[in-house]
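Enquirer: Quick note, the sequences are listed as chains A and B, same order. Note that the working numbering has the first sequence beginning at 1, numbered continuously upward. Note that the working numbering has the second sequence beginning at 1, numbered continuously upward.
Derived from the structure by calculation, the hints contain no laboratory data. Note that this is a predicted model, so its numbers are computed, not measured. Yeah, the Cβ is synthetic: ideal placement off N, Cα and C, and Gly gets one too. Be aware that a few hints might be false.
[To be verified] Derived PhoX-like pairs (lysine-lysine); straight-line CA-CA distance at most 25 Å:
1. B:K490 <-> A:K198
2. A:K118 <-> A:K90
3. A:K225 <-> B:K490
4. A:K118 <-> B:K483
5. B:K166 <-> B:K40
6. A:K242 <-> B:K490
7. A:K198 <-> B:K267
8. B:K483 <-> B:K516
9. A:K242 <-> A:K198
10. A:K209 <-> A:K198
[What the hints assert, rightly or not] Beta-carbon label-pair distances, calculated as ranges:
11. A:A39 <-> B:K156: 30 to 36 Å
12. B:P489 <-> A:D148: 22 to 28 Å
13. B:F209 <-> A:D148: 48 to 54 Å
[Claimed, not checked] Short, incomplete list of chain A residues facing chain B, as computed with Cβ under 10 Å:
14. L34
15. D142
16. G284
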Amino acid sequence: MADKHIDDVSGVETTGHEWDGIRELNNPLPRWWLWTFYATIVWAIGYMVVYPAIPLVTDATKGVLGYSSRAELASEMVGAKAAQGSMLEKISTSSLQEILADPQMTQFATAAGAAAFKVNCVQCHGSGAAGGAGYPNLNDDDWLWGGDIDQIHQTIAHGIRSVDDPDTRASEMPAYGEILQPQEIRQVAAYVVSLTGKPRDAAMIEPGKQLFADNCAACHGENAKGNREFGAPNLADAIWLKAQGEAGIAQQVRQPKHGMMPGWQVRLGDTTVKQLAVYIHALGGGE
Amino acid sequence: MPIETARPDPSDQSKPENHETGSGQPAQPLYASRKKIFPKRAEGRFRQFKWLVMAITLGIYYLTPWIRWDRGPYAPDQAVLLDLANRRFYVFFIEIWPQEFFFVAGLLVMAGFGLFLVTSAVGRAWCGYTCPQTVWVDLFLVIERFVEGDRNARMKLDAGPWTLDKIGKRLVKHAIWLVIAVATGGAWIFYFADAPTLAFDFITGQAAFIAYSTVAILTATTYVLGGLMREQVCIYMCPWPRIQGAMLDDSSLVVTYNDWRGEPRGKHVKKTAAASVPVGDCVDCNACVAVCPMGIDIRDGQQLECITCALCIDACDSVMDKIGHERGLIAYATLNEYESNMALATDNGRTSVDPSRVRTPEGAFSDKVRHFNWRIILRPRTLVYVGVWSAVGLGLLVALLSRDRLELNVLHDRNPQYVLESDGSIRNGYTIRLLNMIPERRTILLSLQGLTKAEMKIPSISADYSDRVFAIPVEPDKATTIKVFVTLPKAALSDARDGLRFIAEDPASHERDIYKASFNSPGAN
Numbered sequence: 001m002a003d004k005h006i007d008d009v010s011g012v013e014t015t016g017h018e019w020d021g022i023r024e025l026n027n028p029l030p031r032w033w034l035w036t037f038y039a040t041i042v043w044a045i046g047y048m049v050v051y052p053a054i055p056l057v058t059d060a061t062k063g064v065l066g067y068s069s070r071a072e073l074a075s076e077m078v079g080a081k082a083a084q085g086s087m088l089e090k091i092s093t094s095s096l097q098e099i100l101a102d103p104q105m106t107q108f109a110t111a112a113g114a115a116a117f118k119v120n121c122v123q124c125h126g127s128g129a130a131g132g133a134g135y136p137n138l139n140d141d142d143w144l145w146g147g148d149i150d151q152i153h154q155t156i157a158h159g160i161r162s163v164d165d166p167d168t169r170a171s172e173m174p175a176y177g178e179i180l181q182p183q184e185i186r187q188v189a190a191y192v193v194s195l196t197g198k199p200r201d202a203a204m205i206e207p208g209k210q211l212f213a214d215n216c217a218a219c220h221g222e223n224a225k226g227n228r229e230f231g232a233p234n235l236a237d238a239i240w241l242k243a244q245g246e247a248g249i250a251q252q253v254r255q256p257k258h259g260m261m262p263g264w265q266v267r268l269g270d271t272t273v274k275q276l277a278v279y280i281h282a283l284g285g286g287e
Numbered sequence: 001m002p003i004e005t006a007r008p009d010p011s012d013q014s015k016p017e018n019h020e021t022g023s024g025q026p027a028q029p030l031y032a033s034r035k036k037i038f039p040k041r042a043e044g045r046f047r048q049f050k051w052l053v054m055a056i057t058l059g060i061y062y063l064t065p066w067i068r069w070d071r072g073p074y075a076p077d078q079a080v081l082l083d084l085a086n087r088r089f090y091v092f093f094i095e096i097w098p099q100e101f102f103f104v105a106g107l108l109v110m111a112g113f114g115l116f117l118v119t120s121a122v123g124r125a126w127c128g129y130t131c132p133q134t135v136w137v138d139l140f141l142v143i144e145r146f147v148e149g150d151r152n153a154r155m156k157l158d159a160g161p162w163t164l165d166k167i168g169k170r171l172v173k174h175a176i177w178l179v180i181a182v183a184t185g186g187a188w189i190f191y192f193a194d195a196p197t198l199a200f201d202f203i204t205g206q207a208a209f210i211a212y213s214t215v216a217i218l219t220a221t222t223y224v225l226g227g228l229m230r231e232q233v234c235i236y237m238c239p240w241p242r243i244q245g246a247m248l249d250d251s252s253l254v255v256t257y258n259d260w261r262g263e264p265r266g267k268h269v270k271k272t273a274a275a276s277v278p279v280g281d282c283v284d285c286n287a288c289v290a291v292c293p294m295g296i297d298i299r300d301g302q303q304l305e306c307i308t309c310a311l312c313i314d315a316c317d318s319v320m321d322k323i324g325h326e327r328g329l330i331a332y333a334t335l336n337e338y339e340s341n342m343a344l345a346t347d348n349g350r351t352s353v354d355p356s357r358v359r360t361p362e363g364a365f366s367d368k369v370r371h372f373n374w375r376i377i378l379r380p381r382t383l384v385y386v387g388v389w390s391a392v393g394l395g396l397l398v399a400l401l402s403r404d405r406l407e408l409n410v411l412h413d414r415n416p417q418y419v420l421e422s423d424g425s426i427r428n429g430y431t432i433r434l435l436n437m438i439p440e441r442r443t444i445l446l447s448l449q450g451l452t453k454a455e456m457k458i459p460s461i462s463a464d465y466s467d468r469v470f471a472i473p474v475e476p477d478k479a480t481t482i483k484v485f486v487t488l489p490k491a492a493l494s495d496a497r498d499g500l501r502f503i504a505e506d507p508a509s510h511e512r513d514i515y516k517a518s519f520n521s522p523g524a525n
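The shape of chain B in the complex, shown without the other chains:
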């Protein structure tokens, strides 16, 4: 199966964009116009599945920001909120602070390996079913069909003159597309602010400029990429079709035209068969071409443009049902099966395809025909992907369940390193940050360990009181910064080298964090 690149339409040759070669001969055209594609509505198992995936993915996209999740009075009640201004990500019961962004990175690693796994097992399923480009193009095609009719009506309308009817239909179609595009861009911003508030502000013109510009940009990209560019995004812009070659192997399922049973194809099967010329199952009805949203003929073999949406399988299966042949002339198949069956049909390449080689005299498939076996999905490659994917997932889960919600950071003063007090004692200054990472008010006990003679002074709590333990009220879901002075009496200066530990503890939950700090003194340096 050769991977082919886009072919120019031969009709382009006639267009006057040819550059002249030295010999005066017209060479290839430099630019190719887009071939207009009018995908026909398909019906069948895969189309049903795609409707389901579309409903789920669009549902998730549009509705998620409106789900509420009670986190108490000190945190937003939006289930999924990426609060960039306050640097907090909320996803249901999980709240992520900036230093915990590795969870997001971990999810991206999982998404990457998940993609490797899916692609090596069932080909470009991402492209065919769940890619936003595919889903929105599908949605836009629904509108197009609703307004302008199915394939033939659309082709006729497109070729016809600009009548009032045509102008009206085009206006309605583009208007609905724009509404969907605005809704798409609009839904995006609700992930970044409280959705009901932002929706009200947006409509009444009080929202921030960035909200309007984001919606404008996403409206434009949705309308242009999903409505106007369509398959060209996949063919010319997206890097994924280029990368996928490295993920597929000859045990990956790809949408395949089984020429070993389809060829020689012909429209007049009964007539040819009557003349005892071998005929394949393909009746050359072009149903597979008519439904293809990429405008290709799957019978040319696996190709770069194919996003494996499997609509040609649906189209072909319904034709096979009608003419009483087995389904699966176009089917998900691995390269291994295909080549084995091809070898059978062509007698190892010695002849052209002879459908009688793959069938018994009674017309059923011969025992030598290889069919797909689900066990092929469990092979070392996919198992390694599953292993890595699960290991990363498990690691993230353990990290999530064991993460701290109380953190203590200590920064020793750099200048001055220490201060000599009038009684000869040495004072060190520290900037301490208490990270209260839950949306509740807490009182944290900050205490000293080590340097038993040393005492703390926290001017923001009391200017003239020293102790080794202080109760510090911390704001919900915030980092509280306090200045702490630790003074070591002259008599105990010889201990300074030992350093000390700050301990932050929530007496209610017994969460604690310990920070080892140094104590600098003239003798210790």
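So here's chain A without its partners, still in its complex pose:
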């Protein structure tokens, strides 16, 4: 097949093949190219000695440098932790007010709080902190126990009705199913609904108002605006946590449901709880 053929123009031998009259010159490679090729082989051998290279049955050769990507990640994590160190230190020794007064600390705490929220809080409050049926929305301006930074911090640190935390916030609304007659409960529910501006039968509202003043105002207040001392919700606003509609309100009066939130101080530590408080405060409803 390979017939010797010298190209007329260049005087160079061809590869000896011909395709439709086209022949390929068989020019020699430059010798430095050969040395480059040998250099890559030497490099490859060196690489195999220095880095993990040859797969074995359950493992691979380690290489004399002892490099592993896992160790590299670990050292980067240590570096990242060290970089956060001074800021964490500053936050742990500062009061909440001092943190809010310092834009740099606020920014750091908000970001760290958001991360902690994603791990510990989204299960109940949702990833956007918008809550759900029975779980409060943390974005709005309606706070059961207070919406300033200290109150938020207290709530996160010790929880609500958290059984094993002596400092927890605790209050319970009595079950009025055992105290009031069913008709009276319906009257109270009608009155409460009317507070939000929805028209109701005056025959129901009037006795309901009296019943409310006698039984409910002690905690929820005369105007039903609630009382944060006891976590008694504002009943005269647009936001409903446990009850939806008149039947729901009646049911809540008859047999109230109470939310429960664990205290996080012990589990997360004070610095993280502070960061969570700053994050929640910055969601838009903070006072």
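Add chain B to chain A, keeping to what the hints say.
Expert: Only chain B this time, still in chain A's reference frame:
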């Protein structure tokens, strides 16, 4: 003019690298050693021009980072600075943010079309005059000549034994080359950081590792490519000689040996002429070969290795001057002229070259000889290149002059989409970025348009104050991010669907940017 590939040196045939064919005959060598090239110093118009280009290009490269440019206290005072860490490019009065990188892309498009234009008009001028490889090889050759002497002295030194003198000269040459290489690598890093600061840090060992490694790599490439590899970079590594074939046409100027007046060449012109044998102008003095930095003989025709540095033109012109012939035996010529003149000299290929056909009996060129006409440069191809080049340039200029230095970006909260407040109103959250793209402090008025009942709250400015206009102080040359809450009262919720506009305005310069945003509510979705 055949485009030829590198020829092996016949002397290589004797080297024992031959592989055996089946018949036992030695075949071609598989590898060819480099032919050593000792370019002679050339003198003439093109050499002068190349000195000038070298001075300008090297001057620009080494000195640009040291030019200062006052931009006020909030931006660096280096005229050309590619600040990768802070993602800002500064070029004299122009500052480029990352999203404006299209200006750089546009410049690259212009550079591409500029290269097409130059190549189609005057051949591989880029290769011959301005390519960094050419410029640095030229510079390294200056050093080589300074230390070891010109062509003949260098050949003698190279062939001679390793005496102390030879070792000394080689050491000095490579030492100077390395100094230039370090200076070249060193100059590069000054484009990426404040030059005086970096120079001090670099010398005192305080600069970043990347600075030292970059200098080391560029020192190595400059020394190896410019000092050791030289013409092999152009022949074997660079893709440009392969691409250029598509840019050249038969009206492009290329360095050409005009065999129609040079052949038959001969060393003993007077003797041959006396024997009334036709002689051409070429006296076969090899001056063109001696000066060639690529080690080729231009008389073999246009070839891949030729970078059109035109030094052979200078060498030949000086010989022609000496022997009293017209200059231009080797000259910039187009393929059209060359072929027309060749046809004239060979009687349309019927005979070999006869110099008497192109000359009158008196010895002057005949009227039929075609000479270069500058108008050939203005042809559709080059005009299209000029047109595209200018259009891109004009577009960039308009974009540059009309670009915004104040920009507003608005990102609506995704989760939650809206928040119901206790009074029944609906609140939407937005993350707003104000891009202050000048190095001055400014106060930007952020206002709402549309949803006339809605009000803004910006907690970072005031926790309990609502309004429709806020004055926001922004940092110089930075993007300021703020959280904005817009609340729409219950009574106005039916308007929510209309959406709203955020307007950022600099009351001093009246620059403004408008961003149309949506307002989400339970009814609007």
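Enquirer: Give a verdict on every hint.
Expert: The hints, checked one at a time:
1. A distance of roughly 14 Å separates the Cα atoms of B:K490 and A:K198; the hinted pair therefore holds under the 25 Å criterion.
2. Taken as a hint, the A:K118 and A:K90 pair is honoured in the structure, with Cα atoms around 23 Å apart against an allowance of 25 Å.
3. With a CA separation close to 19 Å, the supplied pair A:K225 and B:K490 stays within the 25 Å bound.
4. Proximity of A:K118 to B:K483 is assessed by CA-CA distance (about 20 Å); at most 25 Å being required, the pair is judged to hold.
5. A C-alpha spacing of about 19 Å is found between B:K166 and B:K40, which places the hinted pair at or below 25 Å, so the restraint holds.
6. The suggested pairing of A:K242 with B:K490 holds, with an alpha-carbon distance near 22 Å, which does not exceed 25 Å.
7. For the proposed pair A:K198 and B:K267, the alpha carbon gap of about 118 Å is over 25 Å, so the pair is violated.
8. Of the supplied pair hints, the one linking B:K483 and B:K516 holds, its CA atoms being roughly 17 Å apart against a limit of 25 Å.
9. Proposed proximity of A:K242 and A:K198 is supported: the alpha carbons are some 19 Å apart, at most 25 Å.
10. Under the criterion of a C-alpha separation no larger than 25 Å, the hint pairing A:K209 with A:K198 is consistent with the structure, at around 15 Å.
11. At roughly 32 Å, the beta-carbon separation of A:A39 and B:K156 lies within the given 30 to 36 Å, and the hint holds.
12. Here the CB-CB span from B:P489 to A:D148 is close to 24 Å, well matched to the stated 22 to 28 Å.
13. Distance hint check: the CB atoms of B:F209 and A:D148 are about 49 Å apart, consistent with the given range 48 to 54 Å.
14. Contact between A:L34 and chain B, as hinted, is supported at the beta carbon level, the nearest pair being about 5 Å apart and thus within 10 Å.
15. With its C-beta approaching chain B no nearer than about 4 Å, A:D142 sits inside the 10 Å limit, and its interface hint holds.
16. For the restraint placing A:G284 at the interface with chain B, the shortest Cβ-Cβ distance is roughly 5 Å, inside the 10 Å limit, so the hint holds.
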